[in-house]
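Q: As a plain string of letters, each chain reads:
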Amino acid sequence: MRPIGFSTGALAYADFRRGLGMIRAAACVAVELSALRQAELFPLLESLQSLDLTGFDYISIHAPSQFDSTWEAVASDRLREECWRNWPIVVHPDALSDLSVWREFGTLLCVENMDKRKPIGRTARELDWIFGQLPEASLCFDIGHARQCDPTMTEAYLILREFGSKLRQVHVSEVNTRSKHDPLSYASILACQEVANLIPANVPLILETPVASDQIEAEIAKVRKALPLPRQIMVA
Amino acid sequence: MPEGATKVEQLEQGLLADWSHLRRARFAAEEGKAELRKALDGLDSEDTSIVVSGSLARGEFTAGSDIDWTLLIDGSADPRHHDLFREIGMKVKPFASKEPGAEGTFGSMVFSHDLIHEIGGEDDTNQNTTRRLLLLLESRAVGREDAYQRVVRNILNRYLLEDRGLWKGSGHRVPRFLQNDFARYWRTMAVDFAYKLRKRAGKGWAIRNIKLRMSRKLIYVSGLLACYRRHLDYSQQDRTIIFADPDRHKEVVEHMEAVFRETPLEIVAGVLLRYAHLEEAAKKVFDSYDGFLGILADDQSRGHLESLTEDQADKDEIYQRARQFSHSFRDGLLDFFFDPKSELGSMTKNYGVF
Chain A
131 MRPIGFSTGA
141 LAYADFRRGL
151 GMIRAAACVA
161 VELSALRQAE
171 LFPLLESLQS
181 LDLTGFDYIS
191 IHAPSQFDST
201 WEAVASDRLR
211 EECWRNWPIV
221 VHPDALSDLS
231 VWREFGTLLC
241 VENMDKRKPI
251 GRTARELDWI
261 FGQLPEASLC
271 FDIGHARQCD
281 PTMTEAYLIL
291 REFGSKLRQV
301 HVSEVNTRSK
311 HDPLSYASIL
321 ACQEVANLIP
331 ANVPLILETP
341 VASDQIEAEI
351 AKVRKALPLP
361 RQIMVA
Chain B
93 MPEGATKVEQ
103 LEQGLLADWS
113 HLRRARFAAE
123 EGKAELRKAL
133 DGLDSEDTSI
143 VVSGSLARGE
153 FTAGSDIDWT
163 LLIDGSADPR
173 HHDLFREIGM
183 KVKPFASKEP
193 GAEGTFGSMV
203 FSHDLIHEIG
213 GEDDTNQNTT
223 RRLLLLLESR
233 AVGREDAYQR
243 VVRNILNRYL
253 LEDRGLWKGS
263 GHRVPRFLQN
273 DFARYWRTMA
283 VDFAYKLRKR
293 AGKGWAIRNI
303 KLRMSRKLIY
313 VSGLLACYRR
323 HLDYSQQDRT
333 IIFADPDRHK
343 EVVEHMEAVF
353 RETPLEIVAG
363 VLLRYAHLEE
373 AAKKVFDSYD
383 GFLGILADDQ
393 SRGHLESLTE
403 DQADKDEIYQ
413 RARQFSHSFR
423 DGLLDFFFDP
433 KSELGSMTKN
443 YGVF
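Chains as they are written, first to last, in this note's numbering: chain A, 131 to 366; chain B, 93 to 446.
Errors might be hidden in some of the hints.
So these bits of chain B aren't anywhere near chain A, every CB distance computed over 12 Å [claimed, not checked]: (1) Thr154; (2) Arg268; (3) Ser307; (4) Val345; (5) Gln404; (6) Arg413.
30 Å max Cα-Cα, derived DSBU-like pairs, lysine-lysine [unchecked claim]: (7) A:Lys246 with B:Lys125; (8) B:Lys130 with A:Lys248; (9) B:Lys99 with A:Lys246; (10) A:Lys248 with B:Lys125; (11) A:Lys355 with A:Lys246.
Just so you know, these hints were derived from the structure itself, not from any lab.
If you're wondering where the values come from, they're calculated on a predicted model, not measured in any experiment.
Backbone N, C-alpha and C fix where the C-beta goes; we use that ideal spot for every residue, glycine too.
Produce the complete structure using the sequences and hints provided.
A: Here's what the structure looks like:
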């Protein structure tokens with residue numbers, strides 16, 4: 131069974147404690163602690179010692195999606211202090227200005243492919259440039275972003291083919307025309323299935339679908355349908 | 093061989109030929125697209141692409157060429173698309189020698205839905221088939237390619253991923269679903285030649301006749317070769333592995349997309365370059381096509397063919413010269429496609445005939 135969890139931000143925005151409680155109640159084994167806005171990062175990091183994270187096999191931190199230029203070095207310094215935990219730090223490539231400070235995170239830096247509003251990091255070709263600059267970084271594959279950029283799922287296929295060896299976690303949701311995360315629709319489930327075999331069974335799936343507590347179980351069931359375990363490839 | 097030489101140039105140099113009309117037409121097309129891109133800058137978007145077809149897209153642009161364009165929309169419907177479409181029409185007009193064709197296939201707004209969903213069946217109108225297949229065979233986005241690329245990929249996904257024989261078969265890996273539609277389109281063009289002749293009381297007969305024998309035939313030929321390349325571009329071992337692995341099917345689609353980014357002449361030259369023993373056929377095909385473009389590039393000859401009637405054609409020097417080119421083109425293609433020394437002959441019998 132694939133490890134599945136939620137992003138705290140998807141369930142409870144900046145209230146990571148409440149989000150964590152909802153995820154724990156659903157008996158998930160993976161969690162992404164979200165600080166999508168700059169002001170949320172330090173409170174989250176200061177709270178790490180006091181959060182009850184037992185039961186989670188996989189934990190990652192989602193860094194802010196935008197930094198003030200003067201704040202980028204401060205944030206990366208503070209995040210680096212948490213590297214001893216060995217938790218991946220998910221970043222949006224368009225938020226990074228000074229790549230040298232992020233290069234030091236090595237494989238813990240987890241670069242996410244972007245939605246179509248962003249100027250970089252949307253396609254395999256654009257990611258190739260980023261990973262050229264950050265050669266050790268890993269990949270957070272956002273399947274909703276990839277589908278929004280290319281509903282044929284060719285780009286999703288190309289990203290997984292080119293950077294599958296870097297794959298650390300997968301973001302799962304439907305990304306609508308306003309680039310907002312939505313629960314999975316039937317069409318998005320079918321689209322995910324097209325590349326499900328390229329995602330190894332042990333890679334955690336982090337749901338970014340904004341659902342209420344009573345919808346979490348159903349959403350997880352949809353994700354299991356969308357991304358079933360890879361089958362054995364039969365070669366004639 | 094200069095670095096970055098096109099396949100047509102490589103063939104030309106290999107055969108010690110001089111295809112100056114092809115060269116000029118290719119440069120003119122590049123210039124034309126660059127000028128259009130500049131004029132239309134900012135009018136397209138992520139959900140809309142301005143797509144050109146015809147000689148401009150094929151890299152065969154001459155002074156008398158018209159500009160066939162469409163506004164391809166792959167996104168939310170927006171009443172402002174109509175204003176956008178009119179604005180594009182105004183901007184394209186100074187570059188065009190004449191108005192878009194009378195059938196309404198070009199100079200119009202096209203939504204992606206029918207192109208992708210209506211393949212075959214009653215709703216796949218002549219116009220829809222034409223638009224869809226020209227998108228694959230001879231089109232280029234001028235400016236932003238987002239919508240264009242998505243639609244092309246989706247169309248190819250339909251033709252290839254739904255073709256059971258392509259993946260499950262054991263013989264040639266030729267996408268029969270797509271090849272059948274190319275063949276249908278080629279026959280439709282031939283039938284429509286007779287239809288237009290009747291509808292327009294013979295007006296434009298000669299130029300249309302020569303174009304059918306040359307440029308229309310070329311796009312069918314390039315489509316056929318693009319289908320053959322699903323087989324030819326992989327080794328026996330790769331075919332066994334790739335076609336049996338569902339996770340690599342998108343790789344095959346992507347490869348097909350790359351083939352269609354080449355012009356029809358490039359596709360033909362690329363296959364001919366593989367077979368040294370087909371030099372004579374290559375010479376016939378490209379010498380004649382160069383001659384045909386030479387006639388089109390000459391204002392007087394082109395104008396003459398545009399007004400020539402069927403009755404006058406038998407004794408007309410320009411028409412007869414063009415006809416000779418078309419015969420040589422046909423003979424070269426027959427030698428090429430029915431070549432017994434390569435797999436081309438057997439593939440043509442299996443896919444091009446029955």
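Q: Taking the closest pair, is the beta carbon of B:Gln404 still more than 12 Å from chain A?
A: Since the minimum Cβ distance to chain A is about 50 Å, B:Gln404 lies beyond 12 Å and the statement holds.
Q: Is the hinted pair B:Lys130 and A:Lys248 satisfied, with a Cα-Cα distance of at most 30 Å?
A: This hinted pair holds, its Cα atoms lying about 24 Å apart.
Q: Is A:Lys246 within 30 Å of B:Lys125, Cα to Cα?
A: Within the cut-off at roughly 26 Å; holds.
Q: Would you check whether the claim that B:Val345 is not at the interface survives, using Cβ distances to chain A and the 12 Å cut-off?
A: Given a closest Cβ separation of 7 Å, the condition is violated.
Q: Are all C-beta atoms of chain A more than 12 Å from that of B:Thr154?
A: 34 Å, holds
Q: Please check whether the beta-carbon of B:Arg413 is more than 12 Å away from every beta-carbon in chain A.
A: Per Cβ check, B:Arg413 is outside 12 Å of chain A; nearest 46 Å; holds.
Q: Straight-line Cα separation of A:Lys248 and B:Lys125 no greater than 30 Å?
A: 27 Å, holds
Q: Please verify that the nearest CB of chain A lies beyond 12 Å from B:Arg268's CB.
A: About 19 Å separates B:Arg268 from the closest Cβ of chain A, which puts it past 12 Å; holds.
Q: Are the Cα positions of A:Lys355 and A:Lys246 separated by 30 Å at most?
A: 26 Å, holds
Q: B:Lys99 and A:Lys246: Cα distance at most 30 Å?
A: Judged against 30 Å, a Cα distance of about 35 Å means the pair is violated.
Q: Mind verifying the non-interface call on B:Ser307? Its CB should be farther than 12 Å from each CB in chain A.
A: 30 Å, holds
The structure fails hints 4, 9 (numbered hints given earlier, in ascending order).
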